[in-house]
Every structure is written in structure tokens, then in C-alpha cells.
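Student: Quick one: dock chain against chain with the hints and give me the complex.
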Amino acid sequence: MADEVHVPITSDADMVPARAQARALAVSLGFSTTDATLIATAISEIVRNILVHVGRGELVIRPVLEETRFGLVVVARDDGPGIRDIEAALEHGHASRGGLGLGLPGARRLMDEFHIASEPHNGTTVTMTKWRIRDELERLREQRRERG
Amino acid sequence: MSVAIVRQGDYLIASVQSDLSDSEVLRLRDDLVDRVGRLRLRGIIVDVGALDVIDSFVARSLRSIAVTARMRGALTVVVGIQPDVAIAMVQFRLNLEPLQTALDLDEALAVLDRAGHWEGEDGG
Numbered sequence: 001m002a003d004e005v006h007v008p009i010t011s012d013a014d015m016v017p018a019r020a021q022a023r024a025l026a027v028s029l030g031f032s033t034t035d036a037t038l039i040a041t042a043i044s045e046i047v048r049n050i051l052v053h054v055g056r057g058e059l060v061i062r063p064v065l066e067e068t069r070f071g072l073v074v075v076a077r078d079d080g081p082g083i084r085d086i087e088a089a090l091e092h093g094h095a096s097r098g099g100l101g102l103g104l105p106g107a108r109r110l111m112d113e114f115h116i117a118s119e120p121h122n123g124t125t126v127t128m129t130k131w132r133i134r135d136e137l138e139r140l141r142e143q144r145r146e147r148g
Numbered sequence: 001m002s003v004a005i006v007r008q009g010d011y012l013i014a015s016v017q018s019d020l021s022d023s024e025v026l027r028l029r030d031d032l033v034d035r036v037g038r039l040r041l042r043g044i045i046v047d048v049g050a051l052d053v054i055d056s057f058v059a060r061s062l063r064s065i066a067v068t069a070r071m072r073g074a075l076t077v078v079v080g081i082q083p084d085v086a087i088a089m090v091q092f093r094l095n096l097e098p099l100q101t102a103l104d105l106d107e108a109l110a111v112l113d114r115a116g117h118w119e120g121e122d123g124g
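Chains as they are written, first to last, in my numbering: chain B, 1 to 148; chain D, 1 to 124.
Source of the hints: derived by calculation from the structure; they are not laboratory data. Possibly wrong hints are sitting among the right ones.
[Claimed, not checked] Computed footprint of chain B on chain D; a stretch qualifies when at least three of its residues, placed anywhere within it, have a C-beta under 8 Å from a C-beta of chain B:
no., region
1, 54–61
2, 66–79
3, 108–115
[To be verified] So the derived label-pair ranges between C-beta atoms look like this:
no., chain 1, residue 1, chain 2, residue 2, range
4, D, Gln91, B, Ala117, 18 to 26 Å
5, B, Arg139, D, Arg70, 52 to 60 Å
6, B, Glu87, D, Leu26, 27 to 35 Å
7, D, Ala110, B, Glu4, 27 to 35 Å
8, D, Ala115, B, Glu67, 53 to 61 Å
9, D, Ser23, B, Glu113, 28 to 36 Å
10, D, Ala50, B, Ser32, 13 to 21 Å
11, D, Ala50, B, Thr10, 24 to 32 Å
12, B, Pro120, D, Asp30, 31 to 39 Å
13, B, Asp79, D, Arg70, 36 to 44 Å
14, D, Arg114, B, Glu67, 55 to 63 Å
15, B, Glu91, D, Arg38, 39 to 47 Å
16, B, Ala20, D, Leu26, 18 to 26 Å
17, D, Ile5, B, Thr10, 27 to 35 Å
[Said to hold, decoys possible] Among chain B residues calculated to face chain D with C-beta under 8 Å, some are:
no., residue
18, Asp12
19, Arg19
20, Arg23
21, Val27
22, Thr34
23, Thr37
24, Gly106
Heads up, the beta-carbon is just placed ideally off N, CA and C, and yes, glycines get one too.
Excised from the complex, chain D in its bound form (with noise of 0.2 Å):
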């Protein structure tokens, strides 16, 4: 499958490395729920820059990614959303919510330490 996955610490990272068929999205959404109970993560990174469509189905199985990994505890952040795809996503009135979105990994690891850093302070 062209996604290369890396983990860094309690952290995946996923980056979508061209443009994926309906069924290859729906195995990275399976691969990757799996993969969060597995290795007990807290968070996982999707990088979809080489995407040029989002549609609607890739922006269903991304919320679907989000919202399953929440309930095993790892918040979802998709960056890299190129310019006219998020365009094309507006114009189509598609819509990511719940998911958190970031401009490029440096910010998505941001948005996940501090997140972490929160559910610390709740926990403890």
C-alpha cells in the first residue's frame, strides 16, 4: 500500500504517499484502528499532502479514523490538506469536524504534546 506508517513514541504517523482507491483508504482506516490498541497510542498523524482529491468518502473514512481512535483513547490530526484540495472540500461542503486539522508535522506533534499534556493534568 502507498502509506508509509512510522511510529515515534506514543505517536504514528501515516503519510499518504500517492492517490489511494476507495479500497486502500478503507484498509489504512482498518490498519491504522488496529494499530492503536496495539501499540497503545496517543496519537496518530495523517499526512495526506500527496492527496490531490478529497472527497467525499476520503473525508468520511478520515472522520471515521478520528472518531474510532477516540474511543481507544489516540487523537487523529490530518495535515498537509494541499491548497486547492481544501478549496475543492469548500466549494463541495465537505467537512472534517471532529477532526483536528494542522498545516505540517511540526504543528500536528504540537497539538498532540499539548493535548497529552492536558489529559496529564486531568489524570493526575
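Chain B extracted, bound-state conformation (with noise of 0.2 Å):
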């Protein structure tokens, strides 16, 4: 199964390499298409804005193996200086630094959990995750598979 993935966030570049892998580990957890289309959408706005607001950060994608649920968790950190009105940030249209505020409520909307840790001076670090439910039929075949 799948590995955790880091990319270093140091240049626009990286966004590229950045939503192709986050794509590539979604469909290797079985997520559809189109769900891996809205992880690396969501990702390409958070990897931006530590692009725009900090300059460089790291990414870490994370596969979650549960007995019924699949998940990818998308790690972003940076050691910027912090968000200080998090509600604020979260708001759709709450624009800064020349954006239309539209990046991080709309990578909300296209996970499943979103959460945002940050303090003053101290950097922040986005945390999302997105869910893929196993359906009966899936685990009964894995069980077979795995008694041979």
C-alpha cells in the first residue's frame, strides 16, 4: 500500500509535482477520479498560500488505513507568522495580499475535515483529510485475498 509523500514547498513549481502526487496516492486508495480531482484542487490552494503568505513550507500526504474507511491526509506547515484571525481567514471573500479569499474556504468545501493550527510567530499548519468509505463487499474480498 501506499507511503506517506513529502514535498517541500519552496517555489510555484512545486504545486505541479505537488497535485500529481496527492492525485496518484488518492486513486491508489481506491478513491474515484473525481474525489482525487478535489484533493489536489484543495491542496493547490493551501500549497499557495504558503507560497504567497510565507515562501516556503512542507507538504506531507498521508494515507489513513481504518477497517472501514480509507482516507489521505494532507499535512501543509510553514514557520510564517501565523494567522492571526483564523475564523476571519476562513471566511469566503475575505481577501489578503492581492487574493479574492477564496483559497482556503474552498479547499474546506472539497474535504471532508479541515482544520487550521496556528499561533502568532509560530507558523501554521493546515491539516485536511479527506474519506472514502469501504463498502462490505471490498473488505470481505481483502479477507479472502489475504487468507490466499
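Tutor: What follows is the structure, given as C-alpha cells:
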């Protein structure tokens, strides 16, 4: 099964491989191409957020395998000045630095879970997760395969 | 840059060949807007079928191509948005207004021909 993926974020050229690797991991976890597109789009927004506001950071994309569901967790970290008002940053249309304020609220709508942790002068960590429910049939097939 | 640009009469067809970084998107925008004036174009078709992601930045850049080109006398039509990408855009609440979209190249050419026809009548 797929492993954790680390992508250093230093320039906007890093966005293309970040999106591609997230998509590949999502598909390997059995997500639909639609869900893989939603995940890649959300990643695009949070990576751009890091590049515009801080300039550099790191992206970690991690699979979570549970009995009844598979998840894809995306963690985006930076060591920037932090977000003073997280509630405001998540409002649709709350613009900063020449943006339109669509990025973070848009990314949140594309994922199932979305969390921002930030302290002044201590960076920002965005954690977001997409889940895929595994149905009975899929689990039965897997058990059969394990038994040989 | 991974965008193939061909001219066909008064129209310019820009086919994006692979996923683009933000700076490549900006370069495409500036390049197209520049050519509209230089080549006296009446229409631009941007084929985004190769884009796996249209996020807020790409959507804004496409809108900005259309608005700027319009000021210089050309209409822009975006074609080939993939079904998954369209779904993501709806869920994201992104819209391309006032941008024209069409399913494929033929339809986009028809849109431009029709627009040119009406404008010709207005002028005459």
C-alpha cells in the first residue's frame, strides 16, 4: 500500500508535482478520479497560500487505513508569521495580499475535515482529510485474498 | 512552455498540453493578451482539457484573459473542461463568468463565428 509523501514547498514549480503525487496516492487508495481531483484542487490552494504568505513550507500527504474507511490526510506546514484571525481567513471572500479570499474556504468545501492551527510568529499548520467508505464487499474480498 | 498556440484566420487557439504552474499560467495570460493586439485577433480559444486542476488562481487568470482580450476587441472561449474538474469547480463555488465556455473546438469556433457575424451586422 502507498506510503507517506513529503513535498518541500519552495517555489510555484512545486505545485505541479504536489498535485500529481496527491492524485496518485488518492487513486492508489481507491478514491474516485472525482475525489482525487477535489483533493488535488484543495492542495493547490493551501500550497499557494504558503507560497504567497510565507514563501516556503512543507507538504505531507499520508494514507490512513481503517477497517471501514480509507483516508488521505494532507498536512501543510510553514514557519511564517501565523494567521491572526483564523475565523476571518476561512470566510468566503476574506481577501488578503491581493487574493480574492476564495482559497482556504474553497479548500475546506472540497475536503471532509479541515483544521487550521496557528500561533503568532509560530507558523501555521493546515490539516485536511478526505475519507472513502469501504463497503462490505470490498472488505470481504480483502479477507479472502489474505486467506489466500 | 507546455502550451501549443496556433493561429487560424482571426482566431488564436491555445491548447494547454500539461498541468501548469502559477507562473506558467501568468505567462500564458500575458502572451495571449499581447498577441490579440499584435495579430489583430477577433477570438481566442483556450483548450484546458489537459488541466487536472482548475483552482481559484487558474479560474481568475482565465477570467482576466477574457476581460482584457475583450477590451482589445477579441472574444475568449474556454473549451474542454474535464467532468471531474467541473465538479470540483462547482463544489469550490468557482465560476468563470463572464467567460464563454464550450464543449469542444468545433463548438468554440461556432460561438466565435456567430459573435463575429452579429458584430458585423451591428457595424453595417
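Student: Starting from the hint list further up, note which numbers the structure goes against and sort them upward.
Tutor: 2, 3, 7, 21
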